[in-house]
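Undergrad: Chain by chain, the residues run as shown.
Number of protein chains: 2
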Amino acid sequence: MNHQENLSQLRKLMQQHQVDACIIPSADPHLSEYVPEFYKQLRFMCGFTGSMGTVVVTHDFAGLWTDFRYFQQAEKELNNTGFELVKLKVQYQPEYIEWLNGSLAQGATVAFDFRLLPVSLVAQIEEGLSHKKVALKSVDFVSEIWTERPAMPSQQAFLLDETACGMSFSEKLHQLRNKIKQEKANTLILSALDEIAWLFNLRGSDVNFNPVVVGFAIVTTAEVKLYLAEGKLSEPDLSFLQAQGIFIYPYDDFEGHLAPLPITSEVLIDPKRTSYQVQHILPGQVKCKFGDSLIAPLKSIKNDVEVANIRLSMIKDGIAITRFFKWLEENAGSGEVTEWLAAEKITAYRAAQQTYAGPSFAPISAYGPNAAMPHYSPDQRDEIKLKPEGLYLLDSGGHYFHGTTDITRTLPLGALTEEEMMDYTLVLSAMISGSMAKFPRGTRGYQIDGICRKQMWEHGINYGHGTGHGVGYFLNVHEGPQNIGPSNVPVALEAGMLTSMEPGIYRNGKHGVRIENLILTIEDHTTDFGEFLSFETLTLAHIDTSCIVRSLLNEKQISWLNEYHQEVYRQLSPFLNAEEQSWLSGKCKAI
Amino acid sequence: MNHQENLSQLRKLMQQHQVDACIIPSADPHLSEYVPEFYKQLRFMCGFTGSMGTVVVTHDFAGLWTDFRYFQQAEKELNNTGFELVKLKVQYQPEYIEWLNGSLAQGATVAFDFRLLPVSLVAQIEEGLSHKKVALKSVDFVSEIWTERPAMPSQQAFLLDETACGMSFSEKLHQLRNKIKQEKANTLILSALDEIAWLFNLRGSDVNFNPVVVGFAIVTTAEVKLYLAEGKLSEPDLSFLQAQGIFIYPYDDFEGHLAPLPITSEVLIDPKRTSYQVQHILPGQVKCKFGDSLIAPLKSIKNDVEVANIRLSMIKDGIAITRFFKWLEENAGSGEVTEWLAAEKITAYRAAQQTYAGPSFAPISAYGPNAAMPHYSPDQRDEIKLKPEGLYLLDSGGHYFHGTTDITRTLPLGALTEEEMMDYTLVLSAMISGSMAKFPRGTRGYQIDGICRKQMWEHGINYGHGTGHGVGYFLNVHEGPQNIGPSNVPVALEAGMLTSMEPGIYRNGKHGVRIENLILTIEDHTTDFGEFLSFETLTLAHIDTSCIVRSLLNEKQISWLNEYHQEVYRQLSPFLNAEEQSWLSGKCKAI
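Protein sequence lines, in the order shown, are assigned to chains A and B. So for the first sequence, the numbering used here puts the first residue at 1; every next one is plus one. So for the second sequence, the numbering used here puts the first residue at 1001; every next one is plus one.
Accuracy of the hints is not assured; some may be wrong.
[What the hints assert, rightly or not] Which bits of chain B does chain A cover? Going by a derived footprint, with three or more residues having C-beta under 8 Å, they are:
{"#": "1", "stretch": "1103–1115"}
{"#": "2", "stretch": "1449–1459"}
{"#": "3", "stretch": "1523–1533"}
Since the hints were made in silico from the structure, they are not lab data. Where is the CB? At the ideal position from N, CA and C, for every residue including glycine.
I would like the entire structure built from these sequences, with the hints used as guidance.
TA: Below, the structure is given as structure tokens:
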């Protein structure tokens, strides 16, 4: 892999095709958070292994735009590649558009693979470069250079039966078609893999951490077409889907089916999760209606079967977490436990649970100052050893065939500073305040966010990430549409939504604290003022009480914590041996 | 005024002009909250006197669409007019579009005065009726019918000098042009009257409650054109503006100056505050860029001179309020004080203050169950008398030549129920929680909203309005861009913003409580986590303490209240006589 060689080949192709600038994103045609090996084109082109970045190449500059999480790593990885690191000022912003606007000549040609950029981003590119009257061109230069490109994933997919997912395809289709009609449209194009997985009750292992299957779907008021690689489904699963009237086509047929769509089509497209290629191929007369995903709101409300199954996953996950922390307490003092080893260990404890299907993301196993980086991931080569002092943070999660988990605990490995204890308690206080909130139907996550942060704000403290994200049901650990955070996401929290609650405090070079549970929005009670909702905490694992500064919590918060610990012990203890029970009982003691 | 006659004349005109449906809004070409008499076309056409409604007429139906605030009133007023009340399900939604979509034939012609509907609303009409392929046509039938239409306002306007407004026109223009360039545009069209007033340091009395002047402006990177009715300005003011390079034209010349704009123009338009007429007249080649107002964010940050002046207004307003409540306490028991009389009285106390310029809105003087209607306005004919029991609510405000106020107090006129006291205290608690909040730069009003509501939510209580709105400087009492409330307004609270803080509780048929101060966002302190902001309460008037349920407030809130009362007394007492001082001192006693 000679990256300089890649770059010069790319520039040769750009010259041949009269391209002035080439944009290469870290993305696939489904705009997924995690992509199959086949789409790790940034790693191939310039050696950058981070999950988020964009390469932009002109004839006299080659840059990788990425955010603060990857500055150090990218500098190392880009060394001697011919690619320069360009530091993003604002995370996720396509700041290269502004740069292109300053660098390109009038009438320049900008090329990228139309399949890899979402409709919304291309609109930004067009707007940002409008003064330059650039031409956009679809190219796939990477495939020409990357002669030994990995194959597309070929693992078999499978269907969830109704006892696992609680709602049949036909019922979901019925709901979806009603929504399509409400939008005064007749066609919906689906590219987002978790939406396809939800609709067809389909799961697979095409992508790391996301139990999804690479595919597309076209749903009209009259028919349903599903596009999957051949051989993805077993014969019985294939027949099952076909028996429900679904037409199944090879994955590569998808694009060919767009152009012949009837010109009376009114096509709903989620511009953030649909590639520009789709818009580009659709016949000009077809009416495109851009709007938020119709499936995300349906998918976010977990049905009764899903909720019951999630509760079982939480018990399994709680057992794994309990065993892990017991092991950690017994071994951290040895000086031989590294962050990496701890991450392997929690994965092993989860894997020992029946119905485990894999990690829901790469564990963040972070000791001391490393925990101050919210998206830290341990590197085996670094051999960071835990010592009997300071704070250790573990943010991890698993997929079970009946639910997805995501949990963070921070705990002391020995003596703590006063600041560490204060920060720990303020995070716990924020987590409890959010978890205890009651609120009227219609309340949005950003209002809950203020409630969570209020107390630490009084102490002049804040955290730079959201407070909570939606979590899928045996699906992506990050899903929409709801969000608890400062962003203006105009989505009300509804009964049945599963969301994380994970405030944190991070002190550069010192320590990081985050405590995270998953909470289910439930109906609380109805008053003269309408229906009120609240949260039920589903995650079951003790929260360290030894480093609490009691004066920072009020009596209601302490009661909440004591009741939570009673519940953790009640639910987990039947599955633990006597020694584990006794250990957990100590951890769950009322304060 | 025979409304049936109006309707039949309108239908005759519709027939002559081949119009199938006619939309008549309660609006002027500036999309103002309050409109001049000239634009009260709904009152003329159908007799409806509410401030918000839309008349839609077809050949077989004539309806007035309005919201719950006006249901009773509209039913009364529309009786025997030929117009029917159509109740809006959601406030401010143009639900008549859906109705037109169901009623009109393919290819129908829908007519309205293009000057009276904003760009954003016409886009909704076009979208909502797209299946019907309707033609839109601009008509002004009302003028043809309304032969004795009132004249346009002719009161003289005036300029504020720099000691009053703190920033010269040329400095504001400089800031504005920078923003125009940042948006990669060269032309800004201004229709919103408070924006024009701010930019030119111009005030007037063309509209009830808003000290603005009817006009338009076109600001380009090269020149500034201001359109005002002739005679609006005194000769010295006219010369002063002209000396700064402003070209002043007659109001009616505005439209004629749009068509000849150079085709290289890139025109910024706020689609909510610019009429569709503007977009319609602009040459097709001109590039329109739709986006939020550039002036609103500049106007919202009060400069040091403005803040110092606002403090003076608050003292004057506080004196008026103090005298009013003393008078009320001494007279409410007489059985002769009506809601209307009380409203007149507070206006009179304000008018006695030097530099008073008028009420900033119609006082909400509401006794008992009437206060449960947040937008209630007393009617002289109703003669609602205050009695020595229950709660009285007064929401009122004044314009001074150096600031605008808006204050609500609720107070007991005698014995209260336990529920009244609980509700009173929960509202006070919400008001204090919001006022005490500290928060990092970047925090938005919706996060503060959650902090305000948290405690009453725990009691299953909520209120259906926002918690706070921006307030102008001797300008409109409602202004953007910031907002404290559930809406997804993505605007951070910045130092210098003046906002109301006004939670409430309303129990239908029983009582209403609201307590409102104006708060200034100020810089608080900087920590490792960045800059923190907080609020300084500017309103100076005691808050009744006799009906507080002490257990619902925490110690910090009680300290806040006691310190606030000390400050109120310290600032107001020098301007009060001995008797008033002694009365206020009692009201400000620490609890």
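Undergrad: If a hint holds in the structure, say so; if it does not, say that too.
TA: Right, here's what the structure says about each hint:
Counting residues of the stretch 1103–1115 of chain B whose beta carbon lies closer than 8 Å to any beta carbon of chain A gives 0, which falls below the threshold of three, so the coverage claim is violated. With 7 residues having a Cβ less than 8 Å from any Cβ of chain A, the stretch 1449–1459 of chain B passes the three-residue criterion, so the hint holds. Figure legend: the stretch 1523–1533 of chain B, annotated as covered by chain A; annotation consistent (6 residues with Cβ-Cβ distances under 8 Å, at least 3 required).
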